Each structure stands twice: as structure tokens, then as C-alpha cells.
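Asks: Sequence:
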Amino acid sequence: MKKICVIITARPSYSRFKTALQAIKEHPNLELQLVVAASALLDRFGSTVNYIEADGFSISEKVYMVIEGSNLASAAKTTGIGIIELATAFDNLKPDMVCTIGDRYETMATAIAASYMNIPLVHIQGGEVTGNIDEKVRHAVSKLSDLHLVSNTDAKARLIKMGEHADAIHITGCPSIDLALQANAQMPLDFDPCLKYGGVGAQIDINQPFLVVMQHPVTTEYNQSKQQADILLKAIENIGLPVFWFWPNPDAGSDGTSSAIRTYREEHPNANIRFFKNLEGLDFLKLLKQSKCLIGNSSVGIRESAYLGVPVVNIGSRQNKRLRGSNVIDVEFETAAIENAIQQQITHGIYPSENIYGNGDAGQLIASVLAKAEVNIKKVINY
Numbered sequence: 001m002k003k004i005c006v007i008i009t010a011r012p013s014y015s016r017f018k019t020a021l022q023a024i025k026e027h028p029n030l031e032l033q034l035v036v037a038a039s040a041l042l043d044r045f046g047s048t049v050n051y052i053e054a055d056g057f058s059i060s061e062k063v064y065m066v067i068e069g070s071n072l073a074s075a076a077k078t079t080g081i082g083i084i085e086l087a088t089a090f091d092n093l094k095p096d097m098v099c100t101i102g103d104r105y106e107t108m109a110t111a112i113a114a115s116y117m118n119i120p121l122v123h124i125q126g127g128e129v130t131g132n133i134d135e136k137v138r139h140a141v142s143k144l145s146d147l148h149l150v151s152n153t154d155a156k157a158r159l160i161k162m163g164e165h166a167d168a169i170h171i172t173g174c175p176s177i178d179l180a181l182q183a184n185a186q187m188p189l190d191f192d193p194c195l196k197y198g199g200v201g202a203q204i205d206i207n208q209p210f211l212v213v214m215q216h217p218v219t220t221e222y223n224q225s226k227q228q229a230d231i232l233l234k235a236i237e238n239i240g241l242p243v244f245w246f247w248p249n250p251d252a253g254s255d256g257t258s259s260a261i262r263t264y265r266e267e268h269p270n271a272n273i274r275f276f277k278n279l280e281g282l283d284f285l286k287l288l289k290q291s292k293c294l295i296g297n298s299s300v301g302i303r304e305s306a307y308l309g310v311p312v313v314n315i316g317s318r319q320n321k322r323l324r325g326s327n328v329i330d331v332e333f334e335t336a337a338i339e340n341a342i343q344q345q346i347t348h349g350i351y352p353s354e355n356i357y358g359n360g361d362a363g364q365l366i367a368s369v370l371a372k373a374e375v376n377i378k379k380v381i382n383y
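Per my numbering, the sequence shown starts with residue 1, numbered consecutively.
Among these hints, one or two may not hold up.
Claimed, not checked - SDA-like cross-link-like pairs, simulated, lysine to any residue; straight-line CA separation at most 20 Å: (1) K143 to E374; (2) K156 to T130; (3) K277 to D43; (4) K378 to M117; (5) K196 to N207; (6) K3 to K156; (7) K3 to K77; (8) K378 to A168; (9) K2 to K156; (10) K378 to T130; (11) K234 to N207; (12) K161 to T130; (13) K321 to A336; (14) K372 to I171; (15) K226 to N249; (16) K156 to I171; (17) K226 to S115; (18) K2 to F57; (19) K3 to D43; (20) K77 to I133; (21) K196 to Q186; (22) K77 to A87.
Bear in mind the hints are in silico, worked out from the structure with no lab data behind them. The structure displayed is predicted, hence computed values, not measured ones.
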């Protein structure tokens, strides 16, 4: 029985790996060791751990590692603490492989701890580009990794150019598309987010047109996060449609984004906006599918929305150069440009589905690769 240790550190990493977790759990030759860490444990970021437990997953270890501050120093210190605490978890669990996903600083902590402990490292969603600090982390994690489970041929080709051996790279698609496939099959929306999840702000009628906003700070522009959120809030106000707005992730600059939201709520108590910390992954995608447009800079606009055909207004540099579908309009942080793009997307409506990041079977493919893979930590690099 091969012990597969998966690290979930934030709300997106759970949604992006949920179907793979289930497939690993159910595979006869695999044992799932689930480590929940960082912001996934914290209430102010939506208590992702509660959704994990409600879905029936047993948690092997909980790792508290987040340093408060929402600045560059706190991110670096959190990474350091993560290395220490995750090393302890790996020493206790003694996994045969460690799986990490994406490009966050917690991912770097996972990769360093596993590598120095001679545990084969599996990286999901490597080989992609975004053009900011996430790209440095993603590529660094890829170089530390022994097995790569990528979303598409573009990502595989890039890893090969980086010197990774083709035999260690498997195109599985992104597990988040598995959830998007399920969301498509369960439409129309069958719940009221305000009743089910609470949130704060206006009561929104889901049977009427509405927008969804996910705006995160950009690490390399963290000191501009409040100004950028203010610009977006003004554009949303001018459009006039009801909005479901989701709080930012815990990157440097998130305090600025949060401050802008809180100030706006105080100054506009009757604004037609409902603010949420988090929704369960499938529910969020069902809400997104029924929306008129997604606005902000989340990768969900690039990945899941391409499959769902949801119109997207992507703002700023956070998703720069990431492979995207025809459903995305890119704009800078300028109020009129954002408004014009939103109006254009509302007028256009739903787009044809594009399977840029997978076909909806990534979870099963990932489990199958993990069960069969023979990984050598003495990497063969094609320089």
C-alpha cells in the first residue's frame, strides 16, 4: 500500500484537489494521508477544514503556520515556519510520496521539507506561467519535484524546456475541472447562498441577474491593493447589478483589499453587494455558472470559467500570460475600462465550453498515475 500525503493549505487548493483526494482514498493500492495547514485552518479565511471534514475525509495532521501581518515579511516567515512544522508532520507520517499543488508560499514550504527529507515530491499544476512571484515559486517547486501532473500540453512542453524529463511528466488535467463538470450537470442553481452561507450585506435574489467578484492582492504590487480594490468597487457601483463578493486570500496586501471593502461597507450601507468568506467548492461553481460575469483576478476565471463558459473580466497582472480561453477580457485597473469590459461581457453572455485545463476526469487520472509511478529522487535532468 503506497502512502500518499497530500497537503491542503488554502480554500482554492482544496477545491482544486478534491476529486483527486477522493480517488486516492478509494484506490485499492493507495493510502491517503491528508495534512491540512495554513489558512485552510483559519476562520477568517473561511475555515476550509470544516468543508474537508464534512466531505468525509480523515485529517492525519493539522499544521498551524500562518504569521499575521499580510505583508512580504509575514509571507516569508510563514514559509519558514511551514518548513519546520511540515517536516515534523512528514517525520510522523512517513509517506511514500508528498503531493503539493500550485504556486503559493505554503507550496514552497512543502516542497523544501519533502525534498530535504528524501521524500518523492509530486507537483500538480506545474509548468504554467503568470508573470509574478507565483511563477518563481511554481517553477522552483517544479525543480524540486520528482513527478509532475500537469494540466495541458503547454505546461508539459514548458517543463521539458526547463530540463524536466518527459517520462516524469503526465498530463492529467486540473481536478478543479472535475468539479466544473459536476456543477454543469447540477444547474440551475438549487440553493440561496445568503440563506446557506450567511455572509454580510444585501439580500440578493439569485433569480435575477448578478455578478461575482474575486479580487486578490498581487504580491509584487501589495502596496497598491487598497487602491486597486477601491477602483473595482467604484466600477461595480457604476454598473448597478447585485454582486456576490468574496474576501481575498491571505497574501501580502490582503489587509489593503479587506480595508477597502470594510470602508466601502461603512460608507455605503445600502450597497447591493453580499460579502462572503467562502463557499463549498461545488456550490461556488454553481453560483458562478449562473452569474452574468466574473470580475477580478482569480485563476478561477482562467481555469474553471473557461470550461463553464462564464464571461470573465480579468483585471491587472496577477494572471499575466496564463493560457486562457475566449471567455476572458483583460483590462488594467481603470474604472471606465473595467465598466466597459463588464458591459461587453454581460451583452455577450455565455461562451462555448473550452477544455484548456482538462476534461473532468483529472482526479481518477492522478490516482492512477500515483499508483503506478516508480519515482527516483535522484532526478534525471535534460540540460
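Asks: Are the hints correct? Go through all of them and say.
Replies: Outcome of the hint check:
no. : hint         : verdict
1   : K143 to E374 : holds (18 Å)
2   : K156 to T130 : holds (16 Å)
3   : K277 to D43  : holds (9 Å)
4   : K378 to M117 : holds (13 Å)
5   : K196 to N207 : holds (16 Å)
6   : K3 to K156   : violated (26 Å)
7   : K3 to K77    : violated (29 Å)
8   : K378 to A168 : holds (12 Å)
9   : K2 to K156   : violated (25 Å)
10  : K378 to T130 : violated (29 Å)
11  : K234 to N207 : violated (24 Å)
12  : K161 to T130 : holds (17 Å)
13  : K321 to A336 : violated (23 Å)
14  : K372 to I171 : holds (15 Å)
15  : K226 to N249 : holds (14 Å)
16  : K156 to I171 : holds (7 Å)
17  : K226 to S115 : violated (37 Å)
18  : K2 to F57    : holds (18 Å)
19  : K3 to D43    : violated (30 Å)
20  : K77 to I133  : holds (16 Å)
21  : K196 to Q186 : holds (17 Å)
22  : K77 to A87   : holds (16 Å)
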